[in-house]
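*Asks:* Single-letter residue listing:
There are 2 protein chains.
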Amino acid sequence: MAREIYVVGIGPGAEDMMTVQALEVLDKCDVIIGYSVYLELLGDRYKDKEKLQTPMKQEIRRCEMCFEEAQKDKRVAMICSGDAGVYGMAAPMYEINKRYPDCELVIVPGVTAALSGAAVLGAPINHDFVVISLSDLLTPWELIEKRLAAAAMGDFAIVLYNPSSIKRADYLMKACDILLSNGCKEDRACGYVVNIGREGTTSKCLTLGELRNTKVNMFTTVFIGNSKSYIFNNKLVTRRGYEI
Amino acid sequence: MAREIYVVGIGPGAEDMMTVQALEVLDKCDVIIGYSVYLELLGDRYKDKEKLQTPMKQEIRRCEMCFEEAQKDKRVAMICSGDAGVYGMAAPMYEINKRYPDCELVIVPGVTAALSGAAVLGAPINHDFVVISLSDLLTPWELIEKRLAAAAMGDFAIVLYNPSSIKRADYLMKACDILLSNGCKEDRACGYVVNIGREGTTSKCLTLGELRNTKVNMFTTVFIGNSKSYIFNNKLVTRRGYEI
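Protein chains in written order, with this note's numbering: chain A, 1 to 244; chain B, 1 to 244.
Worth double-checking, as some hints may not be accurate.
Which copy is meant is left open, so a pair is good if it fits within one copy or across any two.
[As the list claims (entries may be wrong)] Only pairs whose alpha carbons sit at most 16 Å apart, straight line, appear in this in silico EDC-like list of lysine to aspartate or glutamate:
no.: 1; residue 1: LYS28; residue 2: ASP16
no.: 2; residue 1: LYS228; residue 2: GLU95
no.: 3; residue 1: LYS204; residue 2: ASP102
no.: 4; residue 1: LYS74; residue 2: ASP30
no.: 5; residue 1: LYS167; residue 2: GLU24
I should point out that these hints are in silico values taken from the structure, not numbers from a laboratory.
Sequences and hints are given; from them, build the entire structure.
*Replies:* Below is the structure:
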């Protein structure tokens with residue numbers, strides 16, 4: 001029988017935003033592997049479990065550790081923040097899986113920031129939407145630009161992950177400029193959420209013109225409405241289409 | 001103090017794919033309102049709760065019922081399958097909320113089919129992606145066509161909701177043709193999942209050319225990879241970008 005390795009999305013951070021399945025998988029496993037920040041998010045419930053971590057940018061080593069631990073007959077869970085398969089470790093885990101054909105991956109989905117952030121802001125992605133990461137660590141910036149332009153041309157609601165970092169302080173501004181030069185107007189309804197599902201959650205609704213001149217940090221998820229979205233009572237709403 | 005009404009995403013169906021928060025909200029509420037099929041999905045846990053339903057296409061009446069029940073000092077939860085804010089009732093609930101300013105909505109996110117279906121197929125949306133509904137009940141078909149073309153031009157991974165119904169038997173074929181005429185090749189890696197998180201879940205990986213000639217039912221979610229996606233061991237994987 002194949003050794004099962006679980007790749008688990010733990011949601012934004014708060015334990016009550018995990019699925020029952022995710023909690024049960026972690027309850028039953030012998031070792032939890034993840035980025036140190038995510039292991040800390042798990043809190044007391046798993047304080048007696050064996051945990052293994054690697055720092056940021058050592059994601060591939062982290063994946064390899066999962067398979068190495070599974071070879072020792074341990075039940076292994078790799079945790080990802082949000083969902084396991086949205087900029088998560090599911091895809092690289094399948095790559096490493098090719099070297100370990102006796103292992104089988106089980107992906108446990110979780111609430112990604114597009115959903116948890118949307119719930120804080122109101123209903124910003126209640127119609128067709130795109131999710132784009134502004135991080136050019138693994139993606140050429142030209143491709144990110146092309147996708148932003150396509151998102152504007154398709155009049156999608158847009159969710160931006162990784163809108164900023166110390167090295168990429170002006171990327172959100174550049175992204176807004178691409179949207180503005182591809183048909184989005186300055187008064188387009190937008191919003192952002194900081195620290196979703198963690199202590200100190202804050203959110204703000206604003207126009208695309210204002211968003212362009214806003215500095216956000218790396219714990220921020222940005223939402224840009226489609227041309228029919230609106231802000232009412234400090235909530236960002238993208239119509240589903242009903243005439244009301 | 002404002003009367004709180006909860007709009008709850010219950011995930012694909014299986015109780016263990018609900019978040020702890022969603023379960024707790026439903027535990028505490030006095031009345032659960034929803035589409036009859038979703039009320040049935042809840043199963044035994046809430047069998048003694050008061051439940052109110054409306055048939056399909058009476059979504060707005062269902063929203064109004066939530067506010068009417070809240071006026072009777074009941075704690076009300078409106079349930080949506082998947083996530084509350086992805087083609088869910090969050091947006092129409094905010095519309096009706098304008099008539100009931102003493103009520104405040106609390107959106108409880110859930111695992112939408114893009115995530116739960118992705119987990120079954122492998123890692124099909126592990127990079128930038130779009131979600132498009134093929135239902136033209138509330139959206140002009142021309143806008144759907146425009147968005148499909150934009151998704152192809154941006155080389156996004158694509159998730160299609162509502163790919164078919166009795167009246168729209170050929171919409172998936174039409175959608176594939178739009179993708180094919182906007183740069184997607186016939187050998188593009190694709191997949192679909194039927195009955196996600198419910199009894200009889202099935203999935204299949206196939207090419208875009210094969211998908212074009214496949215009949216799917218209304219309980220199907222379709223995934224189209226980006227130009228770098230691949231099928232391996234019957235899993236659909238969209239690279240995150242690491243060189244491995």
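*Asks:* State for each hint whether it applies.
*Replies:* We went through each hint and held it up to the structure:
Taking the shortest Cα distances, LYS28 and ASP16 sit within 16 Å of each other only across copies (15 Å), while inside one copy they are farther apart (18 Å). In this homomeric assembly, LYS228 and GLU95 come within 16 Å of each other (Cα to Cα) only across copies, at 13 Å, whereas the closest approach inside a single copy is 41 Å. Taking CA atoms no more than 16 Å apart as the test, LYS204 paired with ASP102 passes in neither setting, with 48 Å inside one copy and 22 Å between copies. Proximity of LYS74 and ASP30 under a CA criterion of 16 Å is satisfied intra-copy only: 6 Å inside one chain copy versus 44 Å between copies.
For the identical chains of this complex, LYS167 and GLU24 are neighbours neither inside a copy (39 Å) nor across copies (41 Å), given an alpha-carbon limit of 16 Å.
The structure shown violates the earlier hints numbered 3 and 5.
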